[in-house]
Amino acid sequence: MKKNMKSLLLTMIVVLLVIPIIKTSNIASAANDNSNWMEQVSMANPEFGERTLREVILPGTHDSGTATMDDANDPRDPGPDFWDLKNLLQNGAAQAGKSIVADWSQTQGLTIEQQLNEGIRYFDLRVAPNVWQPVFDDYQIQETNLRTLHGLYGESVDEILAASKRFIENNEKEIIILDFQHFYEMTQKSYDYLNNLLINTFGELLIPSSYGVHVPLEQLWNENKRVIVLYGTDHQRYTNTLDIRALYDDEFNNWLWDRKSSMQSDWANTTDVEILKEKLNESIESASQNKLFVLQGVLTADEDVIVDAVLGGFDPFSATGVNSLHDLVRLANNEIPSLVQNEWSSKPLNIIMLDWFHETDIVDIIKSMNEGSTFDGPNKEDLTLIGTISSEGGPQSGQKHRSSNNFTTTNIPAGTKQLYWEIVGNANAQSISFSVKEDVAIWTDPIVFNSLKNGSYTEVVKNDSLYIADPLSTSGQSFTVNIYAVK
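Numbering (the working numbering), first residue to last: 1182 to 1668.
Treat the hints as calculated values from the structure; they're not laboratory data. What you are looking at is a predicted structure, and each value in this text was computed from that prediction instead of being measured. Keep in mind that the hints are not guaranteed to be accurate.
Stated by the list, open to error - Dumping the calculated DSS-like pairs for lysine-lysine here, alpha-carbon to alpha-carbon at most 25 angstroms:
#1 Lys1668 x Lys1598
#2 Lys1441 x Lys1472
#3 Lys1643 x Lys1598
With the hints as constraints, model all of the structure from the sequences given.
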């Protein structure tokens, strides 16, 4: 989120506290076992081990430690990355509107331990010590209680590293990258603690920065060097920034990687998926072969998007279906995985970073690309057809949005983790998008899912009054939607 959104959010939080917020729960991804996908690929493709760190393709997540933000029992306090906690107005608004801030800060639905087991190998981490400002006391800081954050605090760094160590010990060929991109309000004691924690946790598993990006995977496996740690930028709101490159020169010459000199990671900073694709193409064309290369397939909410969500809360007739960052993300996730597998498959890709990655097939796509094969969709054994609905190519006669009759998703088998949406019966099936609305008796019908496309995953919703609405790119022709429950 951009810094100039603060004044808008301060006003919104007070207003939005009276608007009911529908929360989505954490959901696990499809049943394919990708916990040791690098080992699986090495068995399927004997040449995989010859690839270098720069040549391998890895799935990654943006603001990786934010999954706990939708847990009301988690101490998801306002973080110093976005809020001036010494400012009583900002502090009070942030405290009062935690659930609303979470809607626009949370980027993942799985914890980092879950992400590891689902196949993620790159983690974008923003870290700060636990700080807060009591109303009648001095500014407080717990220098060694380090937590991830993105507007609000997320997962604990100690827990993340412990989970990563367990994972590495149980999976002998998996390599992970911990990218500490931003630090906020860290003291030298905080950095010393983190350095010691990393060394004590991983020890000889740490890949020295001197190895560079052209080291082959086989060498790393043979030497049991399987963890990269990068440090990025120090940010201080109340004191001078710390020159961590100078303070920890010995560490940077040994096991710490300098993010600025070791990685290219371009941020598009847009809400528009077409602009995002343009900027990603530019980033790919300018990608250095001598640095790790992160392709940031993410959209960023701005003031206009949030205002539209606010207006939709007051007036459902103006609702866009984008009521959170989660909703906005679907627009990118509909496009990026397909581009990775098709248009960009011959490009020098390296790390693909997404929000809410588990609502895509990106891990399976990347696994297949590393094998030298093509991913052709989820395993049908993991899917149970729960509904089929026919839709017109546009609104039905006399309707403004509705293009189908009602359908139900109440017949979902026990243990279902997600819904999977398939479009058939139209030559433009890969281009069609649509929304799903709920048929209600009073007032306007709310949007349940926005911008669904062929192959979209969503959270589980049980409802017997749903219908297809606002289809696009149909060429005026009807189409059929199959809805599957994913184990």
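**Item:** Agreement of Lys1668 and Lys1598 with the hint, judged by alpha carbon distance not exceeding 25 angstroms
**Value:** Distance ~6 angstroms between Lys1668 and Lys1598 Cα, so the pair holds.
**Message:** Just to be careful, I want the Cα atoms of Lys1441 and Lys1472 compared with a cutoff of 25 angstroms; is the pair within it?
**Reply:** Within the cut-off at roughly 10 angstroms; holds.
**Asked** Holds or violated: are the alpha carbons of Lys1643 and Lys1598 at most 25 angstroms from each other?
**Response** The given pair, whose Cα atoms are some 12 angstroms apart, holds under the 25 angstroms limit.
In terms of the numbered hints stated before, the structure departs from none.
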